[in-house]
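Asker: Here the structure of chain A is known, so what remains is to put chain B with the ligand in place on it, guided by the hints.
Given next are the chains, with one letter for each unit.
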Amino acid sequence: MTIEQERATGELADEVRAWLAANWHGTDDADWRRRVVEAGWAAPTWPRDAFGRGLSRADAKTVAAEFAAVGAPGAAVETRAFTALAGNTIVEFGSPELKRDILPKLLSGELTRGCLLYSEPGNGSDLAGLQTRAERDGDVFVVNGQKIWTTGGHEAQFALLLARTNWDVPKHAGISFFIIPMDLPGIEVRPIKQMTGESDFNEVFLTDVRIPAGTLVGELNDGWRVLQTALKEERRTMGFELGARAQGEGGRAPIFTASDDLIEAARAAGKLGDEAVRQNIMRIHSWRLVNDWNAVRAKKEIEAGGGSSLASLGKLANSRILHESWALKFRLIGARGMLYDPADKAAYEVDHQMMWSFINSIGGGTDQIQRNIISERILGLPKGYEPDRGVPFRDVRKGGTARPDGK
Amino acid sequence: MFGSFTEDQLQLRELVRDYLRDKSPESEVRRLMATDEGYDPAVWTQMAREVGLQGLAIPEQYGGQGAGWTELGIVLEEMGRALLCAPFFSTVVLAATTLLESGDEEAKQQYLPAIADGSLIATVALTEEDGRWDDSGITVPATHTPDGWTLSGAKHFVLDGLTANLVIVPARTASGISLFAVDPAAAGVTRRPSITLDETRKLAVVEFDTTPARLIGAEGGGGPVLRRVLNFAAVALAAEQTGGAQAALDMSVEYLKTRVQFGQVIGAFQALKHMAADVLIEVESARSAAYYALEAAAQDNDELPVAASLAKAYCSEAFVTAAHQNIQFHGGMGFTWEVPAHLYYKRARSSEVFLGDAFAHREALAQRIGV
Ligand SMILES: Cc1cc2nc3c(=O)[nH]c(=O)nc-3n(C[C@H](O)[C@H](O)[C@H](O)COP(=O)(O)OP(=O)(O)OC[C@H]3O[C@@H](n4cnc5c(N)ncnc54)[C@H](O)[C@@H]3O)c2cc1C
Numbered sequence: 001m002t003i004e005q006e007r008a009t010g011e012l013a014d015e016v017r018a019w020l021a022a023n024w025h026g027t028d029d030a031d032w033r034r035r036v037v038e039a040g041w042a043a044p045t046w047p048r049d050a051f052g053r054g055l056s057r058a059d060a061k062t063v064a065a066e067f068a069a070v071g072a073p074g075a076a077v078e079t080r081a082f083t084a085l086a087g088n089t090i091v092e093f094g095s096p097e098l099k100r101d102i103l104p105k106l107l108s109g110e111l112t113r114g115c116l117l118y119s120e121p122g123n124g125s126d127l128a129g130l131q132t133r134a135e136r137d138g139d140v141f142v143v144n145g146q147k148i149w150t151t152g153g154h155e156a157q158f159a160l161l162l163a164r165t166n167w168d169v170p171k172h173a174g175i176s177f178f179i180i181p182m183d184l185p186g187i188e189v190r191p192i193k194q195m196t197g198e199s200d201f202n203e204v205f206l207t208d209v210r211i212p213a214g215t216l217v218g219e220l221n222d223g224w225r226v227l228q229t230a231l232k233e234e235r236r237t238m239g240f241e242l243g244a245r246a247q248g249e250g251g252r253a254p255i256f257t258a259s260d261d262l263i264e265a266a267r268a269a270g271k272l273g274d275e276a277v278r279q280n281i282m283r284i285h286s287w288r289l290v291n292d293w294n295a296v297r298a299k300k301e302i303e304a305g306g307g308s309s310l311a312s313l314g315k316l317a318n319s320r321i322l323h324e325s326w327a328l329k330f331r332l333i334g335a336r337g338m339l340y341d342p343a344d345k346a347a348y349e350v351d352h353q354m355m356w357s358f359i360n361s362i363g364g365g366t367d368q369i370q371r372n373i374i375s376e377r378i379l380g381l382p383k384g385y386e387p388d389r390g391v392p393f394r395d396v397r398k399g400g401t402a403r404p405d406g407k
Numbered sequence: 001m002f003g004s005f006t007e008d009q010l011q012l013r014e015l016v017r018d019y020l021r022d023k024s025p026e027s028e029v030r031r032l033m034a035t036d037e038g039y040d041p042a043v044w045t046q047m048a049r050e051v052g053l054q055g056l057a058i059p060e061q062y063g064g065q066g067a068g069w070t071e072l073g074i075v076l077e078e079m080g081r082a083l084l085c086a087p088f089f090s091t092v093v094l095a096a097t098t099l100l101e102s103g104d105e106e107a108k109q110q111y112l113p114a115i116a117d118g119s120l121i122a123t124v125a126l127t128e129e130d131g132r133w134d135d136s137g138i139t140v141p142a143t144h145t146p147d148g149w150t151l152s153g154a155k156h157f158v159l160d161g162l163t164a165n166l167v168i169v170p171a172r173t174a175s176g177i178s179l180f181a182v183d184p185a186a187a188g189v190t191r192r193p194s195i196t197l198d199e200t201r202k203l204a205v206v207e208f209d210t211t212p213a214r215l216i217g218a219e220g221g222g223g224p225v226l227r228r229v230l231n232f233a234a235v236a237l238a239a240e241q242t243g244g245a246q247a248a249l250d251m252s253v254e255y256l257k258t259r260v261q262f263g264q265v266i267g268a269f270q271a272l273k274h275m276a277a278d279v280l281i282e283v284e285s286a287r288s289a290a291y292y293a294l295e296a297a298a299q300d301n302d303e304l305p306v307a308a309s310l311a312k313a314y315c316s317e318a319f320v321t322a323a324h325q326n327i328q329f330h331g332g333m334g335f336t337w338e339v340p341a342h343l344y345y346k347r348a349r350s351s352e353v354f355l356g357d358a359f360a361h362r363e364a365l366a367q368r369i370g371v
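Same order as they appear, the protein sequences are chains A and B. Residue numbering for the first sequence follows this note's numbering, starting at 1 and increasing by one per position. Residue numbering for the second sequence follows this note's numbering, starting at 1 and increasing by one per position.
For the record, the hints were derived by calculation from the structure and aren't laboratory data. Cβ coordinates follow ideal geometry from the N, Cα and C atoms, glycine included. Please note that a few of the clues may not be correct.
Just the calculated beta-carbon pair ranges, DEER-fashion [what the hints assert, rightly or not]:
1. B/Gly137 with A/Asp126: 56 to 62 Å
2. A/Ala335 with B/Arg30: 37 to 43 Å
3. A/Glu275 with B/Gly137: 17 to 23 Å
4. B/Asp302 with A/Arg17: 53 to 59 Å
5. A/Met195 with B/Gly68: 27 to 33 Å
6. B/Pro59 with A/Pro382: 47 to 53 Å
7. B/Gln109 with A/Pro382: 40 to 46 Å
8. A/Arg225 with B/Gly68: 55 to 61 Å
9. B/Gly68 with A/Lys232: 45 to 51 Å
Bound conformation, chain A alone (with noise of 0.2 Å):
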């Protein structure tokens, strides 16, 4: 840090101090959240006129730490899951009256379940070929069409929703980006039973659903441009967090212990002096350290004022990672891997982890679709051959739904 820096962040802190001496009197209530998010304290890196200070990540730290130091809640929320994902695409793109009507609610705490309706039965990796359409009729959208694998759904307040605004232009052109409640009428949830037994995403039916047209995030039509930056923040958040791993116990570093859990496992089956067991652990562990360490040089490249391509190798190295980490866990516990009673608790949690490492491997788009885009936009390679590039819509052939009838 230099002088002038080390200046400037004690000039931040000591503002955050008689703030917080002014302000905070020890109840953590509406008033007071409205009052952080009022002061641009609880996204301090997103600009002014978006409740935040226009501050760096490091200068968001600096006022974490002074609120923790008083034990004052809700200062620099802005990284919080959905807070990111939604906030950042309204911060990007979304008119004043949203700004002011979404984002303290976000910040503060108010809405913080929201859910993601972009997949259809038709449409998953061709996300652009959605069918779901949004008609203007006077000051609101007219809504129909099935959305599906939404997480979240059955308990959400607020989506993001893609719908085509536009079916005489080819597939992108014509999509437009919302940002909705959950509880207006026409909307239906239906869980989906998983592979692992419970339902965290849903089917949902939309159905003569009328959303006012100040819901509209970005231009009309534009919506696939406004998608980009809601899919970067939910990429980042997979597995692909940019910065280094948290230092192991007692201080030792990541390269010493960021397999203590693959160990444990393979100690607790008396398997720790196997050959093939210790490559394979070795190897795992390798894989988690280079994937850290191209997030760090992701890091440094983006702060350094480029873009990084590295960023966008993080999520498909993390899908054979957290594959082949349970898969060995699975190994190493034997035949008690073939129950999956929730009585024994480590058998269960291993199986279960098992099955949800295809999150990762799917999606947000799958391993292939990664695969695409990495080697289009980073390697340069051609596009493959695209029927339905460069036609209107409505003439493009459509994909049926992904699930088997009468299921």
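Answerer: Showing chain B with the ligand alone in chain A's frame:
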């Protein structure tokens, strides 16, 4: 700091890359690999005196520039990319590091300035016929006589063993492993070039028959020195492997964009795009592993042995993958002598086992993190 480079380091990379583009194009690599010596003496001297590469990481008091492992790693990555044919790894990485670690002030003063100015080519003759890289592989005995030490026995897989004017030989004495300096012109030395898979990297068998040798460092003190040298060397090789892997990927992408089949460039075939995306992950991950290990080497911190084995294992496999897929991407062309894909493949395979393969280093990694 890991993850970024200083302005000077970035400039060094540019400088070395430009220099090697000029001095080590494919035509030169092919010309030199067909010779027994395997390097161009004029380039070697210029590299030392005008570019300053041999002395880059040698301390100033011994005639070098006193830079560190990060800088040397940058140079090695570029040399790996260009498949430079020169006794750099043997002289600078193996021999100079051994001398620096030996604690033998007289030997350092005698040899290091000569290495830095390009007048001395040196190597370490570690391995014997069984090809082991650890202490147990060292059996050649050294005998103390009234006139000093003598060596008898054979060393195999000696990097640049034919051209070196100084051979550092780890041998057995009553107190364990000791290091000796041998002048290859001395009595009883026979050198035979080996026929190698990777012709850009020259190996030799060096035999001694009551050859006079000079003890370097303390008698019996060679084991710990060698273990440190092998850590540094593993990191250096990882950096070189990263450069080679990147070159193989660059070559692949170039071909994918130009070769046409079925009415389109083959890079539009998804099977190949996905292979290429996977190679990119391996190459970038290898780079991260090498850079992290170079940082540990530069700081000489307690992560070095761990990071060295992790990097050697990772970069060995990543380079083999990139070089292997490069041939696959090239189809029949990839199997020809004419296309340089095989040069990278052979360098990758030979580097995979040089200093211990990925399996050995993953096992070392496990032991070094305490498992
Ligand atoms: C646990 C979970 C939670 C999810 N949560 C949400 C959510 O909250 N909201 C939401 O909107 N969606 C959600 N999804 C949906 C997810 O984004 C889609 O499942 C995903 O994008 C794949 O689409 P699909 O299921 O239709 O598969 P498809 O697109 O039908 O893919 C089938 C197979 O074809 C491959 N494939 C498809 N196109 C190509 C191509 N061009 N090149 C190569 N291969 C291709 C795929 O990789 C895959 O292997 C969730 C999914 C999961 C598993």
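Asker: Against each hint, give a clear statement of whether it holds in the structure.
Answerer: Against the structure, the hints:
1. B/Gly137 with A/Asp126: 56 to 62 Å: holds (58 Å)
2. A/Ala335 with B/Arg30: 37 to 43 Å: violated (58 Å)
3. A/Glu275 with B/Gly137: 17 to 23 Å: holds (20 Å)
4. B/Asp302 with A/Arg17: 53 to 59 Å: violated (39 Å)
5. A/Met195 with B/Gly68: 27 to 33 Å: violated (52 Å)
6. B/Pro59 with A/Pro382: 47 to 53 Å: Distance hint for B/Pro59, A/Pro382 holds at roughly 51 Å.
7. B/Gln109 with A/Pro382: 40 to 46 Å: violated (60 Å)
8. A/Arg225 with B/Gly68: 55 to 61 Å: For A/Arg225 and B/Gly68 the Cβ distance comes to about 46 Å; the hint is violated.
9. B/Gly68 with A/Lys232: 45 to 51 Å: About 37 Å separates the Cβ atoms of B/Gly68 and A/Lys232, which means 45 to 51 Å is violated.
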